[in-house]
Amino acid sequence: MTQPNRILVLFAHPALHKSRINSQLIRAIANLDSVTVNDLYERYPDFDIDIEREQQLLVNHEIVVFQHPFYWYSSPAILKEWQDLVLEYGFAYGHNGTALHGKKFLSAVSTGGTKQAYCREGYNYYTLRELLTPFEQTARLCGMEYLPPFVVYGTHETTNAEQIEHHADHYRTVITALRDNQINWDILPKLHRINQDLERAIVTPEVAPHA
Amino acid sequence: MHNEGFFFQAFIYLTAAVLSVPIAKRLGLGSVLGYLIAGVIIGPFVLGLVGRQQEDVMHFAEFGVVMMLFLIGLELQPALLWRLRGPILGLGGLQVVVTTGAIALIAFLVGQPWQMAIAIGMALALSSTAIVLQTLNEKGLMKTEAGQASFSVLLFQDIAVIPMLALMPLLSRGASETVFASNAVILVAAETSSSLSGWQQTLLVIGIVAGIIIVGRFLMRPVFRFIADTHLREMFTATALLLVVGTALAMQTVGLSPALGTFVAGVVLAESEYRHELETDIEPFKGLLLGLFFISVGASIDFNVLFRQPLFILGLVLGLIVLKGLILFVLGRFFEQSLSQNLLFATALAQGGEFGFVLFSFAQQSNVLPPSITAPLVVVVALSMGLTPLMMIVNEQLIQPQFRSLGEGDRQPDDIDDGETPVILAGFGRFGQVVGRLLIANGFRATILDHDPSHIEMLRKFGYKVFYGDSSRIDLLHAAGAQDAKLFVVAIDDPNKALHTIDMVRKHFPHLKILARAIDRRHSYELIRKGVEVIERETFESSLMMGIEALKLLGYRAYRAHRAARTFRKHDIQAMHDMAYLHGDESGLVARSHQLSSDLREILQSDDYDLPHEIDHAWDTTDRQQDVS
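Chains A and B, in that order, are what the protein sequence lines are.
Those letters in the first sequence? Residues 46 to 256, by this note's numbering.
Those letters in the second sequence? Residues 1426 to 2054, by this note's numbering.
Read the hints as simulated data drawn from the structure, not as lab findings.
Glycine included, C-beta positions come from ideal geometry on N, C-alpha and C.
Incorrect hints may have been included.
Result set (EDC-like, lysine to aspartate or glutamate): computed pairs, CA atoms no more than 20 Å apart in a straight line [to be verified]:
{"hint": "1", "chain 1": "A", "residue 1": "K148", "chain 2": "A", "residue 2": "E181"}
{"hint": "2", "chain 1": "A", "residue 1": "K63", "chain 2": "B", "residue 2": "D1928"}
{"hint": "3", "chain 1": "A", "residue 1": "K235", "chain 2": "A", "residue 2": "E175"}
{"hint": "4", "chain 1": "B", "residue 1": "K1977", "chain 2": "A", "residue 2": "D93"}
{"hint": "5", "chain 1": "B", "residue 1": "K1977", "chain 2": "A", "residue 2": "D91"}
{"hint": "6", "chain 1": "B", "residue 1": "K1938", "chain 2": "B", "residue 2": "E1958"}
{"hint": "7", "chain 1": "B", "residue 1": "K1977", "chain 2": "A", "residue 2": "E175"}
{"hint": "8", "chain 1": "A", "residue 1": "K63", "chain 2": "B", "residue 2": "D2045"}
{"hint": "9", "chain 1": "B", "residue 1": "K1922", "chain 2": "B", "residue 2": "E1963"}
{"hint": "10", "chain 1": "B", "residue 1": "K1922", "chain 2": "B", "residue 2": "D1900"}
{"hint": "11", "chain 1": "A", "residue 1": "K160", "chain 2": "B", "residue 2": "D2052"}
{"hint": "12", "chain 1": "B", "residue 1": "K1911", "chain 2": "B", "residue 2": "D1900"}
{"hint": "13", "chain 1": "B", "residue 1": "K1995", "chain 2": "A", "residue 2": "D91"}
{"hint": "14", "chain 1": "B", "residue 1": "K1977", "chain 2": "A", "residue 2": "E87"}
{"hint": "15", "chain 1": "B", "residue 1": "K1955", "chain 2": "B", "residue 2": "D1928"}
{"hint": "16", "chain 1": "A", "residue 1": "K148", "chain 2": "A", "residue 2": "D93"}
{"hint": "17", "chain 1": "A", "residue 1": "K63", "chain 2": "B", "residue 2": "D2048"}
Listed next, the stretches of chain A that the computed footprint assigns to chain B, with coverage defined by at least 3 CB atoms under 8 Å from CB atoms of chain B [as the list claims (entries may be wrong)]:
{"hint": "18", "segment": "60–73"}
{"hint": "19", "segment": "144–158"}
{"hint": "20", "segment": "228–240"}
Bound-form chain A, shown alone (with noise of 0.2 Å):
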């Protein structure tokens, strides 16, 4: 078996206290092996981050995680400030910004709208996928591979906790899969969201190759 992948969590939560949905996901990876959780509101609460310790993770771990509720579309304030300064030109992009090139990009989102309200028909029109592209631009612009986003849709109409239990334990799969390699790569691209059908995205080391 290869090296396992080292994933970074940037977890960006600002009231995680009132949090049903990502506190439980967040709770349910914090402790694998090979997987560091950057909680940024907790460490940096007054969003003055530490660019240096922040490019040295990136560099350090070959699969970065962005979790966080979907606000306004977009993620919350301080996940977009640490965009702003850590993904910096020279290191990220641009002639000389090659330190995160072959890496590979998930975003792991939270939304208050059922499936149902991201299409056309629904209040949000736009499709997640949409939504999401300035992420998956960024992933591109930084030279990693962008993989469909681990989404929890209709967070409002989740209230039983069985159901969100549920939803961490599809999380920790799909974390522990892009550690351990098993993930059908091939399926990947076809997927809206790499959640949508853990059975063909994932595969189970009883029926992987090289297993």
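Got chain A; can you put chain B on it based on the hints?
Coordinates of chain B only, in the frame set by chain A:
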């Protein structure tokens, strides 16, 4: 002393002090003059509330001088003392010798035998350590050039008293009484133990001084630690007093000045970690005893002698002050003091001193001087002491301002050669430093004003452009380029001085934006009402930071703690501005204060997470969840 008598006496002295000192202080006369006036009022001449026993009181109170020297020693690091050796020996030595000689010569010329003339010269050459140091301290002049010079001279005089006392019996014309100045033992020990030969005596003296240094250096620290560990505050005070009294006793036993001994003990302990503790413990005793001493000096002025020959006595007082002052002035010039400093120096030390009383009484007992001579001279010394604070006020109010208009101040404000700077920073202590360093780190030039010479010297070593001067003075502000600057940062730690400075700046340089450090809430109110643009309470932001850390340790996420603190901050600042305009109406203030705190409490408790609703409704999905369901 009967108990009733004791209580009555204590009542009289305390009443006199409590009534007259604050009034004198209010009138700008200083506490020393207040005490002296109180003494005159309760003394035999005016109210006659204290009689003969006040002399005993005075000798007892002289112990205050001993304590004062201990405290002065505590303030003096050995290195600083070493640096002062030139002025102490040179300036002090010359002052004593020249003044003694001059007065003795005059006395001799008017027909006194040479022995008596020398005795008078010695007694009058001494100045009043108590009055001068207390007054200089009160006016904050101790660290000026003149203050240091005065201190040096006084220290030398305190040492010189001992050989003077030893010399006195040699001047005796008749069979000297074997009784020594027993009354004076507290201030100056004159009893040279006759049973010991000269070299034994010398060895004993060296041994005692070495003992003080060794004990102070090595033994006192563990002792203080041991005492401090008992956590009995009064035990520490008792130990401190024991140290002073013990040192005084030891010095007295070998015929040395207790004042000098405690001074040495103070210097030895100046570098110990218990220095401030000792200072705070001894300070009140010293203050009260010194006050008592000044009162008794006031009460001892025999106005009968004065009124029998008023012109003669006043003439002597004037002559003494002028002569001493002149000698001091010439010596000061010789030691290259600036004119204004030199005038302060000469005015400060031109009086006779408490050691003069001692020497006169001793000379009388040794049959050197007859009472007919000592009586008027004691009055002269007392009057000259009483006049000292007045003369210093005259010097300060009338003479020194002349120099200011010439551009010469107490210490000459430095020439400010810094070119134009956009920022003037007044006060470079723990607050101003941060402001200044931040500005300088970002490439802004700032003209920094401070009034602590030692501080400035250190900062200059590190390359900061710091200038000596009182920031409330218009001429200095001109020199600092206030007319071309943009910002004026008031970072001084004296709230009233800050307000005064702001008034001056407002009046003369209205274009300057003022940023002020507020010491506390009250100070903030005054600054707000003055319309100061930027006000920062000196402890507020750091307290908030501490609060944030506490919240985090109590389980809050960092960002939430920060937001809670920001919200709190906003409310507090708003409340402060509201309160500022109610200040003065005490009842309204109290009511408003209650209202505001209950407002705040309400706001903070208004929802489940203890934060004002309007602000932290953010990221709350409860309503939407309810909408959906």
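- Is K235 (chain A) within 20 Å of E175 (chain A), Cα to Cα? holds (15 Å)
- Message: Would the hint linking K1977 (chain B) and E175 (chain A) be met if the CA-CA limit is 20 Å?
- Response: Roughly 38 Å separates the two Cα atoms, so the pair is violated.
- Regarding the pair K1977 (chain B) and E87 (chain A), is the alpha-carbon distance no greater than 20 Å? holds (10 Å)
- Message: Between the alpha carbons of K148 (chain A) and E181 (chain A), is the straight-line distance 20 Å or under?
- Response: Holds, at roughly 13 Å.
- Task: Quickly compare the C-alpha distance for K63 (chain A) and D2045 (chain B) to 20 Å and report which way the hint goes.
- Result: holds (7 Å)
- Query: With a cut-off of 8 Å between beta carbons, are at least three residues of the segment 144–158 of chain A near chain B?
  - Reply: Coverage by chain B is violated for the segment 144–158 of chain A (1 residues, Cβ < 8 Å).
- Query: Keeping to a limit of 20 Å between CA atoms, is the pair of K1977 (chain B) and D93 (chain A) held or broken?
  - Reply: Holds, because 18 Å separates the two Cα atoms, which is no more than 20 Å.
- Message: Tell me if the straight-line CA distance from K1938 (chain B) to E1958 (chain B) falls inside 20 Å.
- Response: holds (7 Å)
- Within 20 Å, alpha carbon to alpha carbon, are K1995 (chain B) and D91 (chain A)? With Cα atoms ~16 Å apart, K1995 (chain B) and D91 (chain A) stay inside 20 Å; holds.
- Holds or violated: K148 (chain A) to D93 (chain A), with C-alpha atoms at most 20 Å apart: The hint is violated at about 26 Å.
- Query: Straight-line Cα separation of K63 (chain A) and D2048 (chain B) no greater than 20 Å?
  - Reply: Cα-Cα ~13 Å, so holds.
- Given that the segment 228–240 of chain A was listed as covered by chain B, double-check it with a C-beta distance under 8 Å for 3 or more residues. As far as the segment 228–240 of chain A goes, the hint is violated, because 0 residues have Cβ atoms under 8 Å from chain B.
Violated hints for the displayed structure, listed by number in ascending order: 2, 7, 16, 19 and 20.
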